[in-house]
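Peer 1: Order-wise, the sequence lines are chains A, B, C and D. Following our numbering, the numbering of the first sequence begins with 2 at its first residue and continues without gaps. Following our numbering, the numbering of the second sequence begins with 613 at its first residue and continues without gaps. Following our numbering, the numbering of the third sequence begins with 6 at its first residue and continues without gaps. Following our numbering, the numbering of the fourth sequence begins with 22 at its first residue and continues without gaps.
Treat the hints as calculated values from the structure; they're not laboratory data. Cβ coordinates follow ideal geometry from the N, Cα and C atoms, glycine included. A hint or two may mislead.
Simulated restraints, written as ranges between beta carbons of each label pair [claimed, not checked]: (1) C/Gln185 x B/Asp685: 30 to 38 Å; (2) B/Gln772 x C/Ala69: 50 to 58 Å; (3) C/Ala90 x B/Arg682: 50 to 58 Å; (4) C/Pro21 x B/Trp688: 32 to 40 Å; (5) B/Thr779 x C/Ala69: 25 to 33 Å; (6) B/Ala678 x C/Ser132: 47 to 55 Å; (7) C/Glu14 x B/Arg771: 18 to 26 Å; (8) C/Arg44 x B/Asp769: 26 to 34 Å; (9) B/Arg802 x C/Gln185: 33 to 41 Å; (10) B/Thr779 x C/His203: 44 to 52 Å; (11) B/Arg682 x C/Val189: 50 to 58 Å; (12) B/Arg765 x C/Asp135: 27 to 35 Å; (13) C/Pro21 x B/Asp769: 49 to 57 Å.
On the chain B side, residues computed to face chain C include the following (Cβ under 8 Å) [said to hold, decoys possible]: (14) Ala686; (15) Thr687; (16) Ala849; (17) Val852; (18) Glu855; (19) Glu856; (20) Leu858; (21) Ala862; (22) Arg863.
Chain C is faced by these chain B residues, among others (derived, beta-carbon under 10 Å) [to be verified]: (23) Gly660; (24) Pro661; (25) Leu816; (26) Pro826; (27) Arg851; (28) Gly853; (29) Leu861; (30) Leu874.
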Amino acid sequence: MSMSEQQTLKQQVTLLELVDRVLNKGVVVSGDITLSVAGVDLVYVGLRVLLSSVATLEEPRERISAAGAAP
Amino acid sequence: MIAPTATLPRKGLGWYLYGVAAADEASARLGAGLAAGAAQEVELVTEGPLVGVASRVSLEEFDEQALPDRLSDATWLEQKIRTHEHVLERVLEHASVVPCRFCTVYRGEVELRRFLSERGEALEAALDRVRGRVEVGVKAFVDRDRFAAGRARQNDDIRQLEAQASTAEGGRAYLERRRLEQLVASELERFRGEAADRIHTRLLSAAEDGLVLPLQAPELSGRAEEMVFNGAYLVTADRVGFEEALGSLARDIRDDGIDLELTGPWPAYNFVPEELGAG
Amino acid sequence: MIHLYGVVEELEALPPVDGVGAEPLERRRIEGLELVVSRTALEGSDVTQAAVLSHANVVEALMARSGAVLPARFGHAFSDEHELAAAVRTKASALARGLTLVRGCVEFGLRVLGDDKAPENGSRELSGRDYMRARLAEEQARWRLAEELHEPLARLSRASARFGGASSDLLQSAYLVPRQEVDVFGEHVRRFEAAHPHLTIVCTGPWPPYTFAANGEEDA
Amino acid sequence: MSSRELDDYRSGQPAQLADVLERVLDKGIVIAGDIQINLLDIELLTVKIRLLIASSSRRQRACRRRSSRSLPIDRAHRHAPP
Chain A
2 MSMSEQQTLK
12 QQVTLLELVD
22 RVLNKGVVVS
32 GDITLSVAGV
42 DLVYVGLRVL
52 LSSVATLEEP
62 RERISAAGAA
72 P
Chain B
613 MIAPTATLPR
623 KGLGWYLYGV
633 AAADEASARL
643 GAGLAAGAAQ
653 EVELVTEGPL
663 VGVASRVSLE
673 EFDEQALPDR
683 LSDATWLEQK
693 IRTHEHVLER
703 VLEHASVVPC
713 RFCTVYRGEV
723 ELRRFLSERG
733 EALEAALDRV
743 RGRVEVGVKA
753 FVDRDRFAAG
763 RARQNDDIRQ
773 LEAQASTAEG
783 GRAYLERRRL
793 EQLVASELER
803 FRGEAADRIH
813 TRLLSAAEDG
823 LVLPLQAPEL
833 SGRAEEMVFN
843 GAYLVTADRV
853 GFEEALGSLA
863 RDIRDDGIDL
873 ELTGPWPAYN
883 FVPEELGAG
Chain C
6 MIHLYGVVEE
16 LEALPPVDGV
26 GAEPLERRRI
36 EGLELVVSRT
46 ALEGSDVTQA
56 AVLSHANVVE
66 ALMARSGAVL
76 PARFGHAFSD
86 EHELAAAVRT
96 KASALARGLT
106 LVRGCVEFGL
116 RVLGDDKAPE
126 NGSRELSGRD
136 YMRARLAEEQ
146 ARWRLAEELH
156 EPLARLSRAS
166 ARFGGASSDL
176 LQSAYLVPRQ
186 EVDVFGEHVR
196 RFEAAHPHLT
206 IVCTGPWPPY
216 TFAANGEEDA
Chain D
22 MSSRELDDYR
32 SGQPAQLADV
42 LERVLDKGIV
52 IAGDIQINLL
62 DIELLTVKIR
72 LLIASSSRRQ
82 RACRRRSSRS
92 LPIDRAHRHA
102 PP
């Protein structure tokens, strides 16, 4: 696997780690409204092309803010 | 942990029976093997040709009234279940053993000895069946991507749709990919039964006995892939013939996206009679 | 509808960041716990990637400005203030315990993707048994390799979790690392990565402690 | 049976709890009759126990089917493109 392929893979995995945490982890203080996220399979719908600058450990972190500005 | 015998009043002690071995096999080495580094003090109660593998336990902890709520304490339970299995595995290294079900406790040694003598015939028959044998667990999981990349392609519609999906753009690509997924899923559904039969028939022919167990839920199996088969086989302790069949099966079935997972060797839990016949 | 981002401690000031649906952030104090919310009219259909990312964005910003953050899972909203207060009241002690656990820590995620060497080369000549033994040896080597990386990281961490990912993943785990141990943590990962060039190691973070936010409930 | 080195298939990992449960709780000989303390109706309890342990193991080892399904990426690079 070339360096750039590795880099792309690392960014994509980082993104999935983000989505996984926000949707599947975190504490649940539940009211009676649950936003069904299942319908929106975020990984297939465009998000995976969102190769944002979500950094991994080494790079300085400007993190999500750049991601938030994506399409 | 269960307090060592010395501190508990003798009368408060019962016997927790893990399993029954044959006296002729339960040599000194078994005793030594059990004693070595035993987190749980295990004793051998010999009665004629049979040996009960047991531990003294506090009757208060295993009291029949207290047990139901004890069983809702996951940590106590897991610790006891793992101890039960761990002791039997140490026995298996030295002798064949007929395993008991979890939580078989006798009030005193008299009751335990009476069981070994009254049910001696049935116990010996069960022992003969498992003598020199062990149980091996075989589970099969399907890796959806490998299945889609390999076996599913034998289906013409899937191959044709895949070609279209790769050239489509935007929303259409997304929809075609969805349809492809559904087609692969239905192909997988059809393939699962066929794979399970193929695995079981092939392994049964290389084992002395075998049976199909219920599939395990993903949270329990600890694997993200789907389980398509779960079986147990009674095989000779050296397992040469069985492993030969298993290895070639694993190699053949890998191209269909199926991975086999092996567990064991286990005591022959699945190959002893549930209800012992009359003594 | 009220959208909850998390429970915070010693929050200096609300971050200059919009909440979901570009709504302003607000603070609430319930049962001695400080919460950050926004009043968002999100309907089911509005759940888009932007909504998910802005939730993550807010939690990140809170991390930088407070002593501790317990991230709330996206997608659980409240119809009114009364319902929010009731829900927090039932979980107050677990949330407080959660805050104590995560205080002064950040979370790291680790994925070690299996190596690419094709296991099948030359396997056709092997007997069935040898093929099986080779696969078992491979499995054992992978398990030891995963342990070699996981053990020292888990020892550094206040809490850690391993997930049963796909079998092809060598390791999928998360670690709650005290801030003063982050450099040593990073050093461990880099040393392992250097020693195993054929493996793809993706260490992500530092994250807000999503994976360990609910740990307070376990000891309840 | 002489003592023999039983090489273990578990490759060093502790036995999967599910594999232990489906044997220790459901199989093995059940002794009825003169035994003072014995869980006769163990079937009822095994269902309850398994749910209990599944929920605790789910918390410790959150094996999320959803994320694995949505993780084609880490495997995709493993295969030559179709």
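Peer 1: Now, for every hint given, state plainly whether the structure supports it.
Peer 2: Do the hints match the structure? See the list:
1. C/Gln185 x B/Asp685: 30 to 38 Å: Since glutamine 185 of chain C and aspartate 685 of chain B have Cβ atoms about 37 Å apart, the given range 30 to 38 Å holds.
2. B/Gln772 x C/Ala69: 50 to 58 Å: holds (52 Å)
3. C/Ala90 x B/Arg682: 50 to 58 Å: violated (38 Å)
4. C/Pro21 x B/Trp688: 32 to 40 Å: violated (52 Å)
5. B/Thr779 x C/Ala69: 25 to 33 Å: violated (45 Å)
6. B/Ala678 x C/Ser132: 47 to 55 Å: Roughly 54 Å apart at Cβ, these two residues keep to the hinted range, so it holds.
7. C/Glu14 x B/Arg771: 18 to 26 Å: violated (57 Å)
8. C/Arg44 x B/Asp769: 26 to 34 Å: violated (50 Å)
9. B/Arg802 x C/Gln185: 33 to 41 Å: Violated: the Cβ-Cβ distance is about 56 Å, outside 33 to 41 Å.
10. B/Thr779 x C/His203: 44 to 52 Å: violated (34 Å)
11. B/Arg682 x C/Val189: 50 to 58 Å: The hint (50 to 58 Å, Cβ to Cβ) is violated, given that arginine 682 of chain B and valine 189 of chain C are roughly 42 Å apart.
12. B/Arg765 x C/Asp135: 27 to 35 Å: Since the Cβ atoms of arginine 765 of chain B and aspartate 135 of chain C sit about 30 Å apart, the hinted range of 27 to 35 Å holds.
13. C/Pro21 x B/Asp769: 49 to 57 Å: Roughly 54 Å apart at Cβ, these two residues keep to the hinted range, so it holds.
14. Ala686: violated (11 Å)
15. Thr687: violated (11 Å)
16. Ala849: Violated. Min distance 15 Å.
17. Val852: The hint holds - valine 852 of chain B has a Cβ within 8 Å of chain C, the shortest such distance being about 7 Å.
18. Glu855: holds (4 Å)
19. Glu856: Hint holds; glutamate 856 of chain B Cβ to chain C Cβ min 4 Å, cut 8 Å.
20. Leu858: This hint holds: leucine 858 of chain B lies near chain C, its Cβ roughly 6 Å from the closest one there, short of 8 Å.
21. Ala862: With a minimum Cβ separation of about 6 Å from chain C (threshold 8 Å), the hint on alanine 862 of chain B holds.
22. Arg863: holds (5 Å)
23. Gly660: violated (40 Å)
24. Pro661: Hint on proline 661 of chain B: violated, closest Cβ of chain C at ~35 Å, above 10 Å.
25. Leu816: Violated, because the Cβ-Cβ distance from leucine 816 of chain B to chain C comes to roughly 16 Å (cut-off 10 Å).
26. Pro826: At 19 Å from the nearest chain C Cβ, proline 826 of chain B fails the 10 Å test, so the hint is violated.
27. Arg851: holds (9 Å)
28. Gly853: holds (9 Å)
29. Leu861: Check passed: Cβ of leucine 861 of chain B comes within 8 Å of chain C, closer than 10 Å.
30. Leu874: holds (7 Å)
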